[in-house]
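One-letter residues, chain by chain:
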Amino acid sequence: MIEILYNVEHQKAAGIFIAIYFYLTGISAGSFILSTLAYVFGQTKFKPIGRIAVILATVVLIIAPLALLIHVGRPFRAWRLFYNINFASPISWGSFLLTFYPINCIIYGYFIFKNNAKMTKLFGIIGIPLAIAVHGYCGFILGFAKARHLWNTALMPTLFLVSAIVSGIALVIFVVYIKDRFFSQDGKVREELILDLAKLMGGFLLLDLFLVLSEVLILLAGSEGAMEAGWLLLTGKFAIPFLGIENGLGKILPAFLIFSPRLRTTNRLLWASFLVMFGIFFMRFVVVLAGEYYPLI
Amino acid sequence: MIIDLRRCIGCHTCEVACKMENRVPLGVWPAWVKQIEKGSYPNVRRSFLPLLCDHCDNPSCLTACPTNATFKRKDGIVIIDPHTCIGCRYCMMVCPYAVRYVHPIQKIVQKCSFCSHRVDAGLKPACVEACATGARVFGNLLDPREEVAILRITHPVQTIKPEYGTHPNIYYIGLDKDAVSSVAKGKR
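These protein sequences, in sequence, are chains Y and Z.
The opening position of the first sequence corresponds to residue 1 in my numbering, with each subsequent residue numbered one higher.
The opening position of the second sequence corresponds to residue 1 in my numbering, with each subsequent residue numbered one higher.
Hints in this document: simulated from the structure, not taken from any laboratory.
Remember, it's a predicted structure, so these values are computed and weren't measured experimentally.
Be careful, since some hints might not be right.
[To be verified] Pairs of lysine-lysine residues, derived as DSS-like cross-links and limited to a Cα-Cα distance of at most 25 Å, are as follows:
#: 1; chain 1: Y; residue 1: Lys-146; chain 2: Y; residue 2: Lys-47
#: 2; chain 1: Y; residue 1: Lys-146; chain 2: Z; residue 2: Lys-34
#: 3; chain 1: Y; residue 1: Lys-12; chain 2: Z; residue 2: Lys-107
#: 4; chain 1: Z; residue 1: Lys-177; chain 2: Y; residue 2: Lys-146
#: 5; chain 1: Y; residue 1: Lys-146; chain 2: Y; residue 2: Lys-45
#: 6; chain 1: Z; residue 1: Lys-124; chain 2: Y; residue 2: Lys-237
#: 7; chain 1: Y; residue 1: Lys-237; chain 2: Y; residue 2: Lys-45
#: 8; chain 1: Z; residue 1: Lys-72; chain 2: Z; residue 2: Lys-177
#: 9; chain 1: Y; residue 1: Lys-12; chain 2: Z; residue 2: Lys-74
#: 10; chain 1: Z; residue 1: Lys-124; chain 2: Z; residue 2: Lys-72
#: 11; chain 1: Y; residue 1: Lys-12; chain 2: Y; residue 2: Lys-188
#: 12; chain 1: Z; residue 1: Lys-124; chain 2: Y; residue 2: Lys-12
#: 13; chain 1: Z; residue 1: Lys-107; chain 2: Y; residue 2: Lys-146
#: 14; chain 1: Y; residue 1: Lys-12; chain 2: Y; residue 2: Lys-114
#: 15; chain 1: Z; residue 1: Lys-72; chain 2: Y; residue 2: Lys-146
#: 16; chain 1: Z; residue 1: Lys-74; chain 2: Z; residue 2: Lys-177
#: 17; chain 1: Y; residue 1: Lys-146; chain 2: Z; residue 2: Lys-161
#: 18; chain 1: Z; residue 1: Lys-72; chain 2: Z; residue 2: Lys-161
#: 19; chain 1: Z; residue 1: Lys-19; chain 2: Z; residue 2: Lys-34
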């Protein structure tokens, strides 16, 4: 029997504001990529949502860094990020991405509203790698944290990107539905469009489920800390948020609602997208908070 | 630095000396002594693990710091520049030894600096000076005539969490594996 008589535990490094930040950048990157489907890849059926998606992407990404500024201890020193640059640090990459990506979003959105197809396509093409990078780097932030086994996996950036696309599409479905229902002249919902979007979301949901499954299974086959982290998610304090809310309510139930023709109605698709957003929100919380749940020493 | 755990009596003097020397606010500790108790009567043991920044040869905090506030001096001491640190706490996320803390007043990240101001003046760090039993030995590990280097070579030494590849520079003689583990009672 081992008993710890005295030990010092310092403050937690990442908190809820980091989780909120990851959630917001994820939504932004996802809805930006969705808006490029129409204007860059020529999927004309998604054209009606392009404008909504790009507005959401821009607004959300302007809010997101505020969460970071609340998190850091000395926000007025943020200019140091552009002056004392460490190219090995993902946060340094992020400080540039978080500057260029919203600027590009605004220019891209401007040309969409000006109906300038050529320039829209150009800035869309520039924006796609930026959108992937601006959320991928969040995955790299956690992936580089070698102290924590839950974070230090090569899957982390991919997992973040896929969940970003899922939550981005979910938000766009939600907003399109609300806009059509309450803020358009005839109050008619474009069911075909929402169904197409939901099917796209369902595909990414299944991919996300597979990535989470492989992440947890490989954690359970890992070193002592990795096994601890894996069991914490499956049976420990994070079992209900992780299994129940994130994966049960947030992924499996919406996937059923989307792919089963008998259960599928446009109203339920709205619910599915709401559940997905809720589930991804919990996913960010679970990843950030469970990662540093156990003391290191 | 070498910490000879055969000599450590767990008196926490190093902790107090460190806090006095570096004017550390309440609630945080750059250096502390973890204590564990194991076994059941009559076969028991209390083990001590004095912890402080390992001043690694390959520090993960150096890669993580976005503003280069954490840097390594030529003599190997890893230091945080209090004027450059923005308090993003990313270094706290990547450090496997959990020695970094948020300074409650300045809101920046701080940690043990090996008392670099004392080392520059030719003195020993406060914890070494204060250690009642001489368990802590400080010096240049690369100079073969120094006591640390001799102890490092002639004794079986161990570092904490060598598997992380950070190459820590705090060597322990007689390290107890159970004291390093974060797993508390009941689980094993």
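Hint check:
1. Lys-146(Y) with Lys-47(Y): violated (43 Å)
2. Lys-146(Y) with Lys-34(Z): It holds: about 23 Å lies between the C-alpha atoms, which stays within 25 Å.
3. Lys-12(Y) with Lys-107(Z): Holds. Lys-12(Y) to Lys-107(Z) sits at ~13 Å (cutoff 25 Å).
4. Lys-177(Z) with Lys-146(Y): With Cα atoms ~21 Å apart, Lys-177(Z) and Lys-146(Y) stay inside 25 Å; holds.
5. Lys-146(Y) with Lys-45(Y): violated (44 Å)
6. Lys-124(Z) with Lys-237(Y): Distance ~45 Å between Lys-124(Z) and Lys-237(Y) Cα, so the pair is violated.
7. Lys-237(Y) with Lys-45(Y): violated (44 Å)
8. Lys-72(Z) with Lys-177(Z): violated (29 Å)
9. Lys-12(Y) with Lys-74(Z): Distance ~31 Å between Lys-12(Y) and Lys-74(Z) Cα, so the pair is violated.
10. Lys-124(Z) with Lys-72(Z): holds (19 Å)
11. Lys-12(Y) with Lys-188(Y): violated (49 Å)
12. Lys-124(Z) with Lys-12(Y): violated (31 Å)
13. Lys-107(Z) with Lys-146(Y): holds (24 Å)
14. Lys-12(Y) with Lys-114(Y): With a Cα-Cα distance of about 47 Å, the restraint between Lys-12(Y) and Lys-114(Y) is violated, given a limit of 25 Å.
15. Lys-72(Z) with Lys-146(Y): Answer holds: Lys-72(Z) to Lys-146(Y) is near 19 Å, not above 25 Å.
16. Lys-74(Z) with Lys-177(Z): violated (32 Å)
17. Lys-146(Y) with Lys-161(Z): Holds, at roughly 12 Å.
18. Lys-72(Z) with Lys-161(Z): holds (20 Å)
19. Lys-19(Z) with Lys-34(Z): holds (16 Å)
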